[in-house]
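Undergrad: Below are the chains, spelled out letter by letter.
Protein chains: 2
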Amino acid sequence: MSITRRSFFGAGSAAAALAALPKSRIAAQETQPQVKPQARPEAVLKLSSQLISDLPGRDLDEKLANLEKWGFDGVELGGDAVGREKKYADAIAKTKLAASALCGGACCANGHLVSEVVAKRAPAMEKIKRVLDTCGELHLTGAIYVPAFNGQTKLRNKEIRKILVDTLPELGEHAAKAGTRLIMEPLNRREAFFLRQVADAASIARDCHSPGIAVMGDLYHMYYEETSDLGAFISGGPYVHHVHMASAHKRVLPGQDERQFVDAFRGLKWIGYHDFCSLECGVQGDPRVEIPKSVAWLRDQWARA
Amino acid sequence: MSITRRSFFGAGSAAAALAALPKSRIAAQETQPQVKPQARPEAVLKLSSQLISDLPGRDLDEKLANLEKWGFDGVELGGDAVGREKKYADAIAKTKLAASALCGGACCANGHLVSEVVAKRAPAMEKIKRVLDTCGELHLTGAIYVPAFNGQTKLRNKEIRKILVDTLPELGEHAAKAGTRLIMEPLNRREAFFLRQVADAASIARDCHSPGIAVMGDLYHMYYEETSDLGAFISGGPYVHHVHMASAHKRVLPGQDERQFVDAFRGLKWIGYHDFCSLECGVQGDPRVEIPKSVAWLRDQWARA
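Chains as they are written, first to last, in our numbering: chain A, 15 to 319; chain B, 15 to 319.
Hints in this document: simulated from the structure, not taken from any laboratory.
Keep in mind that the hints are not guaranteed to be accurate.
Identical chains share a label here; the pair holds if one copy fits it or two copies do between them.
[What the hints assert, rightly or not] Okay, derived cross-link-like pairs now, BS3-like style, lysine-lysine, Cα gap no bigger than 30 Å in a straight line: (1) Lys110 - Lys307; (2) Lys77 - Lys100; (3) Lys77 - Lys101; (4) Lys264 - Lys172; (5) Lys77 - Lys110; (6) Lys134 - Lys172; (7) Lys141 - Lys172; (8) Lys60 - Lys77; (9) Lys168 - Lys134; (10) Lys108 - Lys191.
Chain A on its own, in the form it takes in the complex (with noise of 0.2 Å):
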């Protein structure tokens, strides 16, 4: 054995998290009977995107008029939504679009909501409240939360998980008489070692008690932490108001590598989603083409679940 505290800290750490990802998965679910649980009635696939840099479109408008044109039913929206609610609710009038989640921007609040420097949690809380105002202006389904990249906060798991659980409750019964949610984000530990799975942000959520407080999915950080997608959507069960989609490894469209929804898809239906699963991606190729050929292909999955 030749293991020293030393190889866990400093530059070399970020190097051995990533070393430490498996490179194929050798998941439950490739395991788990094929059978299909029965869905839930109201379970639904409703498609959205991220205004992603690749989504061809001049201006906003033309943006959204092609993601109507492909078949989504949503957009999800980015931090620069914050203070400028008119324009993109004026724009996707325009459409038969619904606006999905808002993700990035102001509303991780750089971590400092559980940050060890305790003077800057409450103007964090001021922040996230303020978008969680555009989310509900909008009627969206919730603002994205992650609560610290790594690096963002010297504090434990176990400390995190406290300030948590003490104070999203005030976060959520704003966002629930906003009309919106905050959502917690689990990522993979490449980007953050706090919360890497849907379950535990589940347990999160539930030990919070407030309808305002929810869990999302993203399946390109559930390929690498999670041993089943569908366990994984089963514990989170209620909790779960968003999903996040993308290849495995290049992180590109949905079917463009060989990462599968089939599993998660199950789950959705067994816990009767109904909110949105939104693109968060690149496009290798011609995204007129690749996009369109992604829709079909998640639709596809799922049927198949």
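Given the coordinates of chain A, assemble chain B onto it according to the supplied hints.
TA: Frame of chain A, contents of chain B only:
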């Protein structure tokens, strides 16, 4: 907000952790559709019990005879079996029982395998290997292993996980050669913050890439830490090789409070579980009456799953 770092440390933290446990669980599983996923044909309920202090019998032979009479299939051994292999093998051979797993004693090595004191780790490896030898000799499904009870290591969760993924494969190889396994057990936060959910343990087992490294679920701890027993066991999948059973509140016999096992047993059927489900609990009332009643209750829960 009156959150201070101080409140996460020191004598107050155990009480705080206790207070943080939900009094009654609003579990995802309670809102799951009540349909039965198809069981895999190999799934079977094999009941085992620890040699709990409430088990009637003047000596080992009588205790084992009672377990056999009441319909148990196996017996779970304690740490005292190490060095007394012949005593237990001979006693068990007089019955139709099988030995299920080994719990306690030197197997967890006081958390030394993940200690911040590097010098403690190698001796811990040797202790655990010795326990695994006993498990192999007695044909046990495995030795139950808690990486660190609260207070047994100063390392952070991320550091503990890295040590496990680096060192468990060597123990897994030793276990596999002996025909047994090292079985990680998630506990509730009052006992161990590091490992609390079956999906988290399963992801560590997966990253170890060793058939000798497995996980288990304890239905007492799961009541507090999981949002769905079904989701947890599906995530555990092929890594699950032992189950502990007790009621939720006083940790007495299954069926002695409102804790239901149907959802958990659905999960075990789903993954084709065929190892033991073992009592680790006290008894309320007369054990000669209550233990057979609990056996009947468990078989009924299994039939309904």
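Undergrad: To test your reading of the hints: which numbers does this structure violate?
TA: none
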